[in-house]
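Going by the numbering used here, the sequence shown opens with residue 1, and the numbers climb by one from there.
It is worth saying that the hints were derived from the structure and are not from the lab.
A few of these clues could be false.
For each label pair, taking beta carbons as the anchor points, the in silico distance ranges come out as [unchecked claim]:
no., residue 1, residue 2, range
1, Pro262, Met202, 35 to 41 Å
2, Glu286, Gly244, 35 to 41 Å
3, Arg238, Gly310, 38 to 44 Å
4, His120, Thr408, 25 to 31 Å
5, Lys430, Glu265, 39 to 45 Å
Note that the coordinates shown come from a computational prediction; the quantities given were computed from them, not determined experimentally.
No residue lacks a Cβ here, since even glycine has one placed at the ideal position from N, Cα and C.
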Amino acid sequence: ETTTLSITTDRALYDNQKFSKIVGDSVAQQHLPIEPLAYWQPFVLNTPDSKHSRLIAILGISEKWQGDLTEENRQLLQIIAYQTVPLIRTAERFENLVELNHVLQEELNADAAFGDIIGHSQKMKVVYKALNRFTQSEKNSTVLIRGETGTGKELIARFIHQRSRRSNGPMIAVNCGAIPRELIESELFGHEKGAFTDAKAMKKGKFELANDGTIFLDEVGDLPQDAQVKLLRVLQERVVERIGSSVPIHLDIQVIAATHVPLEELIKQKKFREDLYYRLNIFPIELPPLRERLDDLPLLIKYFADKHSGKIISERIDDYVTDDCLQNMLAYAWPGNVRELENVIERVLILGRLPIAPEHLPPEIRNNSAPITISENESLADEINRIKTSLSELEKKYHGISDHSIFTNIENSFLTALRDHHFKTDDAAKILDLSVFRVRDIFKGLCFKAYVECGYDADKAAEAIAQQPFLKGKVKGKLSGYIENIAEQFASHPKKYSETTAFRNYSNKIPLEYRSYLPAIIDYLSRSKKKNLR
1 ETTTLSITTD RALYDNQKFS KIVGDSVAQQ HLPIEPLAYW QPFVLNTPDS KHSRLIAILG
61 ISEKWQGDLT EENRQLLQII AYQTVPLIRT AERFENLVEL NHVLQEELNA DAAFGDIIGH
121 SQKMKVVYKA LNRFTQSEKN STVLIRGETG TGKELIARFI HQRSRRSNGP MIAVNCGAIP
181 RELIESELFG HEKGAFTDAK AMKKGKFELA NDGTIFLDEV GDLPQDAQVK LLRVLQERVV
241 ERIGSSVPIH LDIQVIAATH VPLEELIKQK KFREDLYYRL NIFPIELPPL RERLDDLPLL
301 IKYFADKHSG KIISERIDDY VTDDCLQNML AYAWPGNVRE LENVIERVLI LGRLPIAPEH
361 LPPEIRNNSA PITISENESL ADEINRIKTS LSELEKKYHG ISDHSIFTNI ENSFLTALRD
421 HHFKTDDAAK ILDLSVFRVR DIFKGLCFKA YVECGYDADK AAEAIAQQPF LKGKVKGKLS
481 GYIENIAEQF ASHPKKYSET TAFRNYSNKI PLEYRSYLPA IIDYLSRSKK KNLR
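When you get a sec, could you build the whole thing from the sequences and use the hints?
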């Protein structure tokens with residue numbers, strides 16, 4: 001049916017965003033005048049996947065007509081419309097796909113912002129902030145990545161390369177400690193034919209191969225002094241010369257170095273050039289060892305299990321590892337860091353064992369025999385201070401209980417958060433900004449403290465913790481379970497329990513400030529058992 005549209009509608013058609021994309025922005029922005037008496041013919045498209053036809057476009061005649069449209073003109077308009085509608089429909093579908101792709105890409109980028117770098121712990125968040133600052137700056141500065149063996153230094157280097165303007169170029173990784181001293185200069189800088197006895201052909205060095213891309217110098221502290229001098233010149237002048245040639249090769253390259261040893265110590269030992277150190281250390285990134293980011297352990301276990309099985313196994317951590325096993329793994333020092341963890345998970349999957357149980361772990365992890373280093377003790381102290389700081393902030397929100405309470409104000413703040421959530425550790429952990437496992441461990445430590453301070457009376461201890469009568473039963477059930485577990489494991493041989501691996505494993509799960517209560521409880525339970533036997 002032919003209809004006439006008002007001039008307001010005409011302009012709306014041109015102002016419409018989708019119409020603008022069809023007719024072109026330049027045409028749409030001109031606000032072409034359309035005669036108010038012009039004839040417009042609406043046409044609809046019957047789509048096979050729809051029950052009802054819908055208006056696709058309106059076709060109009062931009063010329064005044066003195067009378068009604070003839071049948072011949074109407075048929076002509078219909079032919080034009082039928083040819084135009086599929087084009088408009090295609091344009092509309094393309095536009096929708098572009099918008100959908102944009103949305104999906106944003107979601108993908110948000111979910112995989114750091115690719116294979118896994119972790120939400122506070123120390124990893126510091127790393128993420130540093131990476132964001134550097135990659136967004138688009139600078140050509142040298143990056144120095146510090147971290148113990150197995151912490152993922154090359155993974156960080158690849159992330160920087162992928163987010164740089166050189167991402168389309170090559171990334172060449174070089175392990176400076178794996179190349180013989182006599183070959184290191186030839187490998188890094190290349191050589192001309194005949195430059196030395198075995199130089200039977202021209203060879204490009206790693207720097208030249210990485211031109212327009214990134215070179216990653218792993219274990220840069222192992223470079224010999226001669227190579228350090230040449231590397232310093234490359235970093236300063238961005239040129240390289242092959243051995244046996246005086247022709248400079250200009251480089252547009254991102255240099256990333258990494259080390260697991262403190263370069264400052266090597267400088268004191270005269271093994272590393274101080275000027276090279278300052279040139280490398282323009283943008284330092286420190287990677288924490290796994291023992292300092294144990295909050296990430298469940299995430300890493302899931303990630304490696306999914307990776308080596310080739311599929312997403314589950315969304316629940318309980319399907320990957322039992323609680324006892326996870327506690328055992330949390331107590332381990334992980335000297336090989338994330339790489340060691342990945343090897344353990346891969347070994348378990350080869351044997352087809354999920355969820356992982358303590359008996360599936362290697363003996364050194366199951367028995368917790370990894371050495372406890374000074375740095376680990378320092379990191380534990382740091383974590384305790386972080387917990388205290390977090391709880392101090394909560395103290396402003398939650399009022400203290402009583403001055404006569406057996407708990408400190410900080411401990412009361414922690415317990416108040418648990419009380420507010422009826423001792424559901426998952427909910428309280430979000431408020432406390434701690435992992436669920438850490439909240440459980442601290443709560444267990446507070447139960448031990450209350451039990452001892454209340455004269456080994458479980459009823460009074462539960463009352464002191466719960467503060468509210470309707471919560472007392474739940475707390476007493478948890479506390480009694482802890483005490484019964486201790487009695488079963490250690491009370492039968494109190495003089496020897498401290499020498500057992502089981503005791504070390506159990507004790508390591510308790511926060512440091514509460515471990516002293518454990519021997520007192522064991523001694524009391526042992527004496528009570530002997531008294532009952534008499």
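Consistency of the hints with the structure:
1. Pro262 x Met202: 35 to 41 Å: Taking Cβ atoms as reference, proline 262 and methionine 202 lie about 38 Å apart, which means the hint holds.
2. Glu286 x Gly244: 35 to 41 Å: Given about 40 Å between the Cβ atoms, the range holds.
3. Arg238 x Gly310: 38 to 44 Å: Distance hint for arginine 238, glycine 310 holds at roughly 43 Å.
4. His120 x Thr408: 25 to 31 Å: holds, 29 Å
5. Lys430 x Glu265: 39 to 45 Å: Holds, at about 42 Å.
The structure fails none of the hints (numbered hints given earlier).
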